[in-house]
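Novice: The residues making up each chain are set out below.
Protein chains: 2
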Amino acid sequence: MAPSTDSGAYHSAKQSQVELSAEDPEPQRELSMFHQTLQTPFPSLANETPRIVKEEIPDLEKNGLAERAHWVMNAPNPPSLWHELVDSIKKSLISHRTKFQSLKKQPFSGAFSLLEAVFPILVWGRNYTATKFKNDLLAGLTLASLCIPQSIGYATLAKLDPQYGLYTSVVPPLIYAVMGTSREIAIGPVAVVSLLLSSMIQKLQDPEANPIAYTRLVFTVTFFAGIFQAAFGLLRLGFLVDFLSHAAIVGFVAGAAIVIGLQQLKGLLGLANFTNKTDIISVFRWNPYNFILGSSFLCFILITRFLGKRNRKLFWLPAVAPLISVILSTLIVFLTRADKHGVRIVKHIKGGLNPSSVHQLQFDSPNGSEIVKTGLIVAVVALTEAIAVGRSFASMKGYHLDGNKEMVAMGFVNIAGSLTSCYAATGSFSRTAVNYSAGCETVMSNVVMALTVLLSLQVFTRLLYFTPIAILASIILSALPGLIDLHEAYNIWKLDKFDFLACIGAFIGVLFGSVEIGLLVAVLISFAKIIVNSIQPGIEILGKLPGTDAFCEVNQYPMAIKTPGILTIRIKSSLLCFANANFINDRIFKWVSEKEVESEGNNAQGRIQLVILDVSNLMNIDTSGIVSIEELQKELVSHGTQLAIANPRWHVIHKLRQANFVEKTGGMIFLTVGEAMEAYVGPDK
Amino acid sequence: MAPSTDSGAYHSAKQSQVELSAEDPEPQRELSMFHQTLQTPFPSLANETPRIVKEEIPDLEKNGLAERAHWVMNAPNPPSLWHELVDSIKKSLISHRTKFQSLKKQPFSGAFSLLEAVFPILVWGRNYTATKFKNDLLAGLTLASLCIPQSIGYATLAKLDPQYGLYTSVVPPLIYAVMGTSREIAIGPVAVVSLLLSSMIQKLQDPEANPIAYTRLVFTVTFFAGIFQAAFGLLRLGFLVDFLSHAAIVGFVAGAAIVIGLQQLKGLLGLANFTNKTDIISVFRWNPYNFILGSSFLCFILITRFLGKRNRKLFWLPAVAPLISVILSTLIVFLTRADKHGVRIVKHIKGGLNPSSVHQLQFDSPNGSEIVKTGLIVAVVALTEAIAVGRSFASMKGYHLDGNKEMVAMGFVNIAGSLTSCYAATGSFSRTAVNYSAGCETVMSNVVMALTVLLSLQVFTRLLYFTPIAILASIILSALPGLIDLHEAYNIWKLDKFDFLACIGAFIGVLFGSVEIGLLVAVLISFAKIIVNSIQPGIEILGKLPGTDAFCEVNQYPMAIKTPGILTIRIKSSLLCFANANFINDRIFKWVSEKEVESEGNNAQGRIQLVILDVSNLMNIDTSGIVSIEELQKELVSHGTQLAIANPRWHVIHKLRQANFVEKTGGMIFLTVGEAMEAYVGPDK
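Here the protein sequences line up with chains A and B, keeping their order.
For the first sequence, position 268 matches number 268 in full-length UniProt numbering, and the numbering has no gaps at all.
For the second sequence, position 428 matches number 428 in full-length UniProt numbering, and the numbering has no gaps at all.
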């Protein structure tokens with residue numbers, strides 16, 4: 001990529017001489033700032049090229065200060081908003097372009113490298129060995145044993161027939177295996193997305209009244225979710241998923257877990273009517289056999305998990321416990337014919353291959369916009385979970401996950417899923433952890449798992465006739481404690497109170513409102529945080545750290561020394577704008593005039609003769625900000641105090657130049673706080 | 001104010017040794033960072049006290065680098081959110097408290113200084129001289145001659161009887177004269193507030209159908225506006241007014257001016273029915289006499305204004321032209337009895353002193369909440385205008401205006417006004433400019449103006465019977481071009497595109513929607529600007545400026561030199577948070593790995609061995625930000641690259657410490673970029 005060299009030249013031929021006021025008792029110096037017309041190459045795209053321009057370096061020993069003031073004033077023009085936008089689009093497309101360019105040059109190997117980028121399996125597949133396969137096989141079988149009961153359970157949570165959960169554990173992992181980059185993630189149905197689907201879709205269609213229409217809606221939503229996910233990835237809009245912050249997700253998932261738990265208690269208690277609401281107030285009545293069966297196997301699963309945690313070698317025990325529970329409880333019910341005594345059972349599960357669901361997608365529904373909206377929410381929540389899971393395990397193994405590529409993969413997973421009778425799949429945290437502990441090497445363990453589930457769909461579904469529903473409830477319930485992460489909530493509280501507010505907002509929103517309200521509350525609080533943080537009108541006093549040239553905040557570094565007669569102030573915001581400019585102006589002026597009043601009786605040394613405003617934090621300044629700095633300059637000058645501006649950033653100096661700040665107000669601008677001070681009191685002090 | 005000394009101690013006794021990876025071809029250095037338990041006094045309130053702690057300065061020549069790393073890691077804890085809140089409330093109340101304390105100590109002089117603070121007239125009144133009064137008298141008379149016709153015109157704009165405009169030019173200026181701090185501002189009715197009042201209140205009550213009830217509503221809204229204004233000032237909520245940015249006001253006022261102009265065209269054309277809407281599509285039919293009369297005097301006023309601009313000595317000509325127009329046109333109508341030929345006239349104007357309107361305030365209206373809301377909007381718009389006018393003239397004369405004090409004064413002005421038959425008053429830009437040009441010295445010119453208006457209310461109102469309404473329309477129309485500031489709009493466009501968007505949004509919102517929609521659009525765009533600016537996920541490459549220790553952006557300073565093998569990156573945002581952390585992480589990692597691919601064939605020197613992340617811009621970091629830095633550290637290390645963090649701010653280092661960043665990841669933290677580089681390549685390079 002060659003640097004473009006637009007010639008952006010700044011024209012100013014004024015040479016301004018700034019003198020300190022005559023009342024000033026300290027040694028005075030004149031500082032000339034040369035603003036000469038200078039043609040500078042404008043490097044808009046050249047971030048990566050080295051820029052060693054040795055011939056331009058002047059005799060620094062002699063005239064360094066003026067030369068550097070010149071550097072500040074004559075910086076090239078920053079790229080405009082429009083340029084920046086075009087630039088960032090170009091950059092995000094550049095990897096595609098280079099791939100296509102290499103495709104033109106070397107058609108065969110180019111095509112292959114393009115294929116490699118889309119299908120990472122072609123990269124790791126070449127180095128795949130028998131040893132790796134052995135590990136993946138073991139991990140995949142462990143995964144399958146956990147996945148089969150969970151899939152059936154989560155399907156009931158999504159108010160679908162159990163086989164749809166199993167279908168969702170077949171096609172999605174296979175698609176992900178060829179397109180995904182994560183090596184540990186376990187793809188399939190998860191609790192939160194299942195809850196989200198059922199709670200949003202049953203508003204459009206009652207699953208009890210018309211299960212076929214409901215199922216069609218679920219597939220359609222899954223299809224749109226896949227489209228959104230793939231689009232996010234292809235358009236490099238991955239950052240949209242980040243708008244659901246980590247803290248919000250912790251709160252959201254915990255709230256969803258409690259809602260799920262309350263719903264499942266009903267299954268455990270053997271109640272017939274499933275609730276249609278995701279809120280807390282719709283439970284309670286019971287049947288003792290269901291409860292005894294469910295709660296005893298729940299205890300069994302929880303005990304195996306405890307053992308698995310105590311002894312790392314027994315990690316497989318909690319993973320297979322749900323399957324053992326299903327087998328044992330099914331046997332018990334079959335032998336005792338407990339279903340005739342009120343124990344509710346799964347009954348018929350349709351087996352066989354995933355049937356096609358292409359013709360079940362509904363694009364002419366009257367609820368079109370609602371379906372698309374639900375698809376969007378499901379897409380974001382599912383992606384957020386998948387990427388969070390993928391990232392955390394990738395960083396454990398020390399490799400980097402490409403968010404956009406993952407999104408494309410998840411999108412195709414769900415599009416393919418929606419055509420083959422699967423509902424929305426994503427990365428499951430609990431199963432990914434099992435996969436990781438079981439020693440998986442590549443995403444091949446997902447393939448093993450999918451094939452095992454496929455086999456059991458062919459062979460074993462008939463055996464699940466007598467499986468009690470209470471056991472499914474226990475399996476779901478046993479997964480919930482892992483979703484309520486009190487330790488993380490405490491960490492968030494410790495690190496950032498505002499994040500904690502978003503976390504609690506999402507939690508309460510989901511629990512007492514609905515899934516959508518919880519998400520909305522979390523996003524609103526998160527953005528309020530950004531606004532408050534950005535416009536907080538803070539300023540801080542700087543002092544020089546002994547033995548260095550660094551000026552730091554005196555509260556952070558108590559050893560920093562303030563120079564008498566000079567007030568060095570740094571603006572704490574990244575934007576001097578309408579919302580904080582006047583406030584900052586007022587506060588600086590108040591400090592200066594209070595100092596004056598204090599020192600009126602004392603020696604004149606205490607009087608502030610120079611205010612150095614370190615604007616290095618400011619990324620940008622708007623029209624109100626410029627007006628406010630101009631006003632501050634005038635007020636301070638009429639007060640007998642000088643104002644020096646230190647270290648303006650690119651956009652800030654550009655705007656100050658455009659507003660003719662120096663010419664209009666005679667303001668002084670320096671490269672650093674140290675230079676401003678040197679210009680005033682000399683280099684020795 | 002003594003510094004409080006909470007003992008905030010950071011406990012960490014771990015001594016971490018960080019070595020660069022073995023592949024590294026450059027000379028290696030070991031860097032020890034001593035994290036010793038240190039009890040540091042916590043200076044939460046001591047911003048203003050000097051902090052020269054000489055005895056703590058160690059032997060810097062010997063062990064400077066490690067010592068300074070120690071400074072970074074052992075900064076005292078920053079004040080918590082709660083502390084900061086309490087602090088800022090204390091600070092804003094401190095001036096009150098000190099006043100009351102001095103009141104206790106010296107009851108008499110203390111009380112007087114308190115009175116002086118509330119009534120600035122007591123301060124400037126002591127130095128008031130006959131010369132000053134002569135200037136103020138002249139300015140006041142000029143002001144009155146402009147104010148009388150404008151007041152009558154703006155009253156018709158507010159859909160009130162003409163005398164209410166004159167009343168509003170009596171009591172408000174008198175109250176402001178004793179409480180206000182601006183010396184130039186001219187208080188009275190203004191066009192935009194008049195329009196705002198009529199357009200919002202006539203939704204509640206038709207002024208044609210029941211003018212008495214309408215007038216009562218206007219007084220009630222004025223009363224609430226005053227209450228809000230005084231409350232903003234007393235509670236130091238002045239920053240709320242800043243949320244209407246300068247750019248938004250330019251657009252808003254221009255939009256309002258066009259709406260007013262279209263309404264007034266009807267008056268000029270002599271149409272009977274006044275429109276009730278503030279939008280563009282409600283005009284046109286006409287009467288030739290009205291039009292001829294109005295437009296010829298409009299030409300006269302505009303010509304005098306042109307002459308006044310050409311010759312600064314004739315500044316009084318445009319100021320008295322409206323009064324001359326009123327007198328001449330009234331004479332013409334009286335002599336020709338043109339009212340019998342379709343020329344609409346003012347007819348009876350009630351003269352005399354301002355009558356009390358205490359009993360006209362309506363607190364039991366069914367539209368209570370609407371009235372309070374309208375009061376709030378009027379309060380904000382009026383304050384915004386008054387403070388903008390006051391500030392711009394104060395900065396011309398080089399004195400500082402206390403925003404909160406101004407708000408309290410404006411609040412009392414409107415509360416008193418609402419009790420004496422005045423509607424909402426504020427600072428008029430056009431009249432303030434006349435006052436300034438006429439050479440006013442103090443706010444005494446307002447008193448002269450008020451008394452002149454009072455006199456004319458007693459004596460001359462009967463003479464205004466034959467004043468044609470077309471003249472009032474011409475006077476209002478002639479004031480409008482001053483409200484449409486194309487030059488400023490161009491300036492805004494030049495300086496800040498986003499500000500221009502807010503400006504245009506407000507303009508279009510007012511013109512095609514309503515006043516409220518215009519305000520809402522402007523505020524929303526302004527806040528969107530803040531969010532976009534804050535979370536923009538930018539990073540920039542730094543290089544060392546030759547001859548200095550400063551590291552600056554290579555695009556801004558093309559002479560900056562990059563050190564081979566080291567990538568110095570600065571985050572451009574002030575907040576590393578959920579919305580930008582992953583994006584920044586991805587981009588840094590991509591740069592590092594692209595560099596690697598590029599240099600694979602070339603010399604090993606091109607490979608990046610150290611990434612220095614300058615976080616000096618970051619004011620804060622949230623939980624997502626911390627997780628993302630931890631992930632970046634792990635990814636870079638597994639890539640054979642080191643990560644060094646330079647210049648963390650107070651809250652950032654505090655949170656990194658709380659998250660045990662150094663202990664968990666072995667990350668390196670330095671005081672400055674220079675120190676990080678020194679630790680790696682030695683001080684000579």
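Some clues are possibly wrong.
When chains are identical, the list treats them as one kind, so a pair holds in a single copy or across two.
[Claimed, not checked] Taking lysine-lysine pairs in the DSS-like style, the calculated list, with each CA pair at most 25 Å apart, reads:
1. Lys497 <-> Lys90
2. Lys313 <-> Lys350
3. Lys497 <-> Lys664
4. Lys397 <-> Lys309
5. Lys664 <-> Lys405
6. Lys203 <-> Lys497
7. Lys405 <-> Lys590
8. Lys134 <-> Lys313
9. Lys494 <-> Lys590
10. Lys373 <-> Lys313
11. Lys397 <-> Lys590
12. Lys90 <-> Lys313
13. Lys90 <-> Lys590
14. Lys494 <-> Lys664
15. Lys397 <-> Lys132
16. Lys132 <-> Lys90
17. Lys134 <-> Lys373
18. Lys340 <-> Lys497
19. Lys590 <-> Lys350
20. Lys347 <-> Lys90
21. Lys309 <-> Lys664
22. Lys90 <-> Lys405
23. Lys497 <-> Lys134
24. Lys562 <-> Lys590
25. Lys562 <-> Lys373
26. Lys373 <-> Lys664
Hints were generated in silico from the structure; no laboratory data involved.
Just so you know, these numbers come straight off a predicted model, no measurement behind them.
Novice: Each hint: holds or not?
Specialist: For each hint, the structure was consulted:
When the C-alpha separation of Lys497 and Lys90 is checked against a cutoff of 25 Å, the pair qualifies only between copies, where the shortest distance is 22 Å, while the shortest distance within a copy is 38 Å. For the identical chains of this complex, Lys313 and Lys350 are neighbours neither inside a copy (37 Å) nor across copies (98 Å), given an alpha-carbon limit of 25 Å. Taking the shortest Cα distances, Lys497 and Lys664 sit within 25 Å of each other only across copies (22 Å), while inside one copy they are farther apart (44 Å). When the C-alpha separation of Lys397 and Lys309 is checked against a cutoff of 25 Å, the pair qualifies only within one copy, where the shortest distance is 21 Å, while the shortest distance between copies is 75 Å.
For the identical chains of this complex, Lys664 and Lys405 are neighbours neither inside a copy (52 Å) nor across copies (29 Å), given an alpha-carbon limit of 25 Å. For a Cα distance limit of 25 Å, the shortest separation of Lys203 from Lys497 qualifies neither inside one copy, at 35 Å, nor across copies, at 44 Å. In this assembly of identical chains, Lys405 and Lys590 lie within 25 Å of each other by CA distance solely across copies; the values are 14 Å between and 54 Å within a copy. Taking the shortest alpha-carbon separations for Lys134 and Lys313, only the intra-copy value of 18 Å comes in at or below 25 Å, while the best inter-copy value is 98 Å.
For the identical chains of this complex, Lys494 and Lys590 are neighbours neither inside a copy (35 Å) nor across copies (32 Å), given an alpha-carbon limit of 25 Å. In this homomeric assembly, Lys373 and Lys313 never come within 25 Å of each other (Cα to Cα): the closest approach is 45 Å inside a single copy and 67 Å across copies. Taking CA atoms no more than 25 Å apart as the test, Lys397 paired with Lys590 passes between copies only; the shortest distance there is 18 Å, against 54 Å inside one copy. For the homomeric pair Lys90 and Lys313, neither the shortest alpha-carbon distance inside one copy (50 Å) nor that between copies (59 Å) is at most 25 Å.
Taking the shortest Cα distances, Lys90 and Lys590 sit within 25 Å of each other only across copies (15 Å), while inside one copy they are farther apart (48 Å). In this assembly of identical chains, Lys494 and Lys664 lie within 25 Å of each other by CA distance solely across copies; the values are 17 Å between and 49 Å within a copy. Within a single copy, Lys397 and Lys132 get their C-alpha atoms as close as 16 Å, which meets the 25 Å cut-off; across copies the closest is 81 Å, which misses it. In this homomeric assembly, Lys132 and Lys90 never come within 25 Å of each other (Cα to Cα): the closest approach is 40 Å inside a single copy and 65 Å across copies.
When the C-alpha separation of Lys134 and Lys373 is checked against a cutoff of 25 Å, the pair qualifies neither within a copy, at 43 Å, nor between copies, at 72 Å. In this assembly of identical chains, Lys340 and Lys497 lie within 25 Å of each other by CA distance neither inside one copy nor across copies; the values are 54 Å within and 75 Å between. Taking the shortest Cα distances, Lys590 and Lys350 never come within 25 Å of each other, neither inside one copy (78 Å) nor across copies (47 Å). Proximity of Lys347 and Lys90 under a CA criterion of 25 Å is satisfied in neither setting, with 57 Å inside one chain copy and 70 Å between copies.
When the C-alpha separation of Lys309 and Lys664 is checked against a cutoff of 25 Å, the pair qualifies only between copies, where the shortest distance is 22 Å, while the shortest distance within a copy is 71 Å. Taking identical chains as interchangeable, the C-alpha atoms of Lys90 and Lys405 lie at most 25 Å apart only when both belong to the same chain, with a minimum of 18 Å there against 52 Å between chains. Taking CA atoms no more than 25 Å apart as the test, Lys497 paired with Lys134 passes in neither setting, with 47 Å inside one copy and 61 Å between copies. In this assembly of identical chains, the alpha carbons of Lys562 and Lys590 lie at most 25 Å apart only when taken from the same copy (18 Å versus 42 Å across copies).
In this homomeric assembly, Lys562 and Lys373 never come within 25 Å of each other (Cα to Cα): the closest approach is 58 Å inside a single copy and 48 Å across copies. In this assembly of identical chains, Lys373 and Lys664 lie within 25 Å of each other by CA distance neither inside one copy nor across copies; the values are 54 Å within and 41 Å between.
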